[in-house]
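Participant: Given the structure of chain Z, go ahead and fit chain E onto it with the hints provided.
Here is what each chain is made of, one letter per residue.
Number of protein chains: 2
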Amino acid sequence: MQAIFFLVALALQQEQALPASSNVSGSEYPAVDADRRVTFRLKAPNALRVEVRCRGSLWGGKPVPLAKASDGTWSVTTEPAEPGFFYYEFIIDGVPVNDPGSRTFPGWAREMSGLEVPDRSVDFYDVKPVPHGEVRVRTYFSKTTETTRQALVYTPPDYDRDPARRYPVLYLQHGSGESERSWTQQGRANYILDNLIAEGKAEEMIVVMEQGYATKAGAPPAPGARGNEGFEALVVSDLVPMIDAVYRTIPKSESRAIAGLSMGGGQAVRIGLGHPQLFGSVGSLSGGAAAARAEGAAPLLSKMQLVWIGCGRQDAGYERARDAHRDLEKAGVAHCWFETDGGHEWQVWRKSLHDLAPRLFRNK
Amino acid sequence: MQAIFFLVALALQQEQALPASSNVSGSEYPAVDADRRVTFRLKAPNALRVEVRCRGSLWGGKPVPLAKASDGTWSVTTEPAEPGFFYYEFIIDGVPVNDPGSRTFPGWAREMSGLEVPDRSVDFYDVKPVPHGEVRVRTYFSKTTETTRQALVYTPPDYDRDPARRYPVLYLQHGSGESERSWTQQGRANYILDNLIAEGKAEEMIVVMEQGYATKAGAPPAPGARGNEGFEALVVSDLVPMIDAVYRTIPKSESRAIAGLSMGGGQAVRIGLGHPQLFGSVGSLSGGAAAARAEGAAPLLSKMQLVWIGCGRQDAGYERARDAHRDLEKAGVAHCWFETDGGHEWQVWRKSLHDLAPRLFRNK
Chain Z
1 MQAIFFLVAL ALQQEQALPA SSNVSGSEYP AVDADRRVTF RLKAPNALRV EVRCRGSLWG
61 GKPVPLAKAS DGTWSVTTEP AEPGFFYYEF IIDGVPVNDP GSRTFPGWAR EMSGLEVPDR
121 SVDFYDVKPV PHGEVRVRTY FSKTTETTRQ ALVYTPPDYD RDPARRYPVL YLQHGSGESE
181 RSWTQQGRAN YILDNLIAEG KAEEMIVVME QGYATKAGAP PAPGARGNEG FEALVVSDLV
241 PMIDAVYRTI PKSESRAIAG LSMGGGQAVR IGLGHPQLFG SVGSLSGGAA AARAEGAAPL
301 LSKMQLVWIG CGRQDAGYER ARDAHRDLEK AGVAHCWFET DGGHEWQVWR KSLHDLAPRL
361 FRNK
Chain E
365 MQAIFFLVAL ALQQEQALPA SSNVSGSEYP AVDADRRVTF RLKAPNALRV EVRCRGSLWG
425 GKPVPLAKAS DGTWSVTTEP AEPGFFYYEF IIDGVPVNDP GSRTFPGWAR EMSGLEVPDR
485 SVDFYDVKPV PHGEVRVRTY FSKTTETTRQ ALVYTPPDYD RDPARRYPVL YLQHGSGESE
545 RSWTQQGRAN YILDNLIAEG KAEEMIVVME QGYATKAGAP PAPGARGNEG FEALVVSDLV
605 PMIDAVYRTI PKSESRAIAG LSMGGGQAVR IGLGHPQLFG SVGSLSGGAA AARAEGAAPL
665 LSKMQLVWIG CGRQDAGYER ARDAHRDLEK AGVAHCWFET DGGHEWQVWR KSLHDLAPRL
725 FRNK
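Chains Z and E, in that order, are what the protein sequence lines are. Okay, so the first sequence: first residue is 1 according to our numbering, each after it adds one. Okay, so the second sequence: first residue is 365 according to our numbering, each after it adds one.
To be clear, the hints were calculated from the coordinates, so they are not data collected in a lab. One thing to keep in mind: the hints can contain errors.
[What the hints assert, rightly or not] Computed footprint of chain Z on chain E, listed as stretches where at least three residues anywhere in the stretch have a Cβ under 8 Å from a Cβ of chain Z:
(1) 404 to 411
(2) 457 to 463
(3) 471 to 477
[Unchecked claim] Stretches of chain E that chain Z covers, calculated by requiring three or more beta carbons in the stretch to come under 8 Å of a beta carbon on chain Z:
(4) 386 to 397
(5) 492 to 501
Glycine included, C-beta positions come from ideal geometry on N, C-alpha and C.
For reference, chain Z alone in the conformation it holds in the complex:
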C-alpha cells in the first residue's frame, strides 16, 4: 500500500516537471519540477564530458556534470533551484556553448541560454488578463556616436487611445554585458508595469531602454568595444531630445527619472546628478553606491524628488549599497532603501522595479 502511494507520488512529481517557460517553443528540456529541480538534457554522442553551469548563484556557480545514456543523450536533474531567471551554459569537452533547447537572452556580452524558474510566492511579473502596453523598437541616429541605434520604448496601455495625453518617462538601464532588450526579455519590465498600472499602483509612464554602451565618434574603440564613455553625452544630447520629440512626454525634470541595475545603476546616478535640469529622480539597483557616496553627491541627491537605492542581501555589493543608504540617512537625505533576499540577479531587479515604479512621478 505504501509502495503504491510512493509510486503515485513519484508519478505525480514527475508529471509536474514542465518545460521551462524560457525554452524555445516545442523544447521539453530544461524541465522544472514542483520542487524546482531542473532536468537538463543534450544529445552529444561523441562528447567525452558534458556539464551545465549557471552564470550566477545556482549550484554555487559550479559546473554540474551530466551523465551519458547508451543513446548518446546526456542528462542530469539538479538540486532545487532558487526561483527567478538565470543565465546558464553547457560545457562540452571544455567549450562553453548554448543549450539549443533554450531561448537566448542578451547577457555576458553575448546571447546566453536562460532558465526561468517559477516563483509561486509572487505573481507581479506574470502575463495577466489586463490591458497591455507595447514595447516599440525605435530606430534613431545618434550624433554622439554617429551611428544608427535602437531604443526600446514601453508605451502604457492607453497611449494610443488618448492622443492628447502626455506621460512621464523612466529611463531604465541594464547591467554590464546585457543590452537594451534585457529589461523586457529577462526583467519582464513591460508586464510589471502593465500589472502595476492595471491595479492603479503606478502612474502610467513611458519606459525607455537603450544599450548603455556608446563610443563617441572618432574616439578609439574601448577594450572589448563595449565602452560607455559616450553614454552620458548620448543620453543628454541624443536620446532624451529624440524621445521628447517622438513621444508624448511631459518634458520636465519632475516627470523624468533615470534608473539602472549594476553598471546601469552607476550610470543612472552619475547622469541623474550631473543633469538635474533633466532628471528629477534616480534609482540605483544593485550598483551605483560609489556614485551615490561620491563627494558632493549628497547635496544634489537631497534636491531630488525621489532617490531609490536597493540591493539583494546575498549580492557581493550588498554592504556597499547598505553603507550608501546609511550615509544618506546620516546626512539627512530623504531616500528609499529596498533590500530583499537574492543575489546579483534578475529576480532582485524585477522586485526592485516593482518597488520603485509605484513611487515615481507621484508629486506632480
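Facilitator: Only chain E this time, still in chain Z's reference frame:
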C-alpha cells in the same frame, strides 16, 4: 616591385575583413573580407574536431573543417560566400552548437547563429537616413489557442504624427522553424518598408507578423509542438479583429493582404483564398504553389486584387512555383511572377518583399 604591389594588395584585402554585422557587439569573428571570404574562429582547446556548417547553400551545406592553433583557437577562412543572410553552426566533436560571436536568429526551431554577408549590388534593406517606422511588440489573448501571444506590428513613420489617418495592412508570415521575429531580424522588413515609403514607391502600410504555429485549445499537441492547424482560425477570429481594434487600419478586404514565405506562403494562399471577405491580395514567396494550383483556386485567385508568386531560381521548389505561374497564365488569371537568382534563403525573400510591397494597395 610586383611583389610589393602584391603585399600591399594582400594587406589591404586583409584590412578589409570586417566583423559581420550579424555579430554580437564587440565580437571580431566571423569576419567577411572584400571578396566575401568568411573567417570563423572559436576557442576550444580540448576539442578534437571543429567544423562550421551553413544551414543553407553556402559551401554546399557541408561542414567545413577548422584548423587548430597551438593556443587552442580553431579557425578557417572559407571560399567566397554568396551575399545575404545564412544560418550556421559550429560542430564541436559532432555536436552542433551556436557561435558565441554571433547574434541569434529564430530559425530551425531554435535560436540559430546567423551570418550577414554584404551585398554591394543592392542597398534597399540598408538602414538609411530616412524616417523610420516602429516595430511594436503587441501582447494579446487568443481565444483559439487560449493562450497569450505576441504579434510584431510595423507601423509606418508617420503613424503617430497623424492620429486621424488609417492604413492598409499586410499580414506577413515566416517559414517553418522561424518565428514572428524572423521577418524583421533576418528579413529586415521594417527597413525595406522605410526605404520604399521614403522613396514614394510603396503605400504607407501596417505590417503584422505573427508566429504561424497555433494549436487549438484542447487539441492534442502537434508533433514537435509546432503544428499550425489552428493558425487559420487564429488569424480570422483573433488576429485580424485585434489588429483592427487596436490600430488605425482600413478594415476592408481591398486594404488587407496576406503573404508569406515557404510554409508561410502556403498559409497565405489558403487563408487568403478561404476568406476573400477579409483579404484582397495574396503573396506566395518560395512556397504555396500547391495551394495556388489546388482545384478551385484559379477562379478565386482571378477575383483577387493582387496575386504575387515568386521564387529563387536555385530553390528546390523553383519549378513547382514556375509551374503554378504558368498554370495561372494559361487560365488567364492576372498575377505577378517574380524570379531572381538565389536559393531557399532570405536574400530572395528580401528581394521578394521589395518587389511585392510597392504593388500592394495601389487600386484603392
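Participant: Decide, hint by hint, whether the structure agrees.
Facilitator: So, going through the hints one by one against the coordinates:
Counting residues of the segment 404 to 411 of chain E whose beta-carbon sits less than 8 Å from any beta-carbon of chain Z gives 6, enough to reach three: the coverage restraint holds. For a cut-off of 8 Å, the count of residues in the segment 457 to 463 of chain E with a CB near a CB of chain Z stands at 6, and the three-residue condition holds. Coverage of the segment 471 to 477 of chain E by chain Z holds [criterion: at least 3 residues with CB-CB distance below 8 Å; count 3]. For the segment 386 to 397 of chain E, the stated coverage by chain Z holds: 4 residues have a C-beta nearer than 8 Å to a C-beta of that chain, and at least 3 were required.
Coverage of the segment 492 to 501 of chain E by chain Z holds. Counting CB-CB distances below 8 Å, 6 residues qualify, and the rule asks for three or more.
Checked against the numbered hints above, the structure violates none of them.
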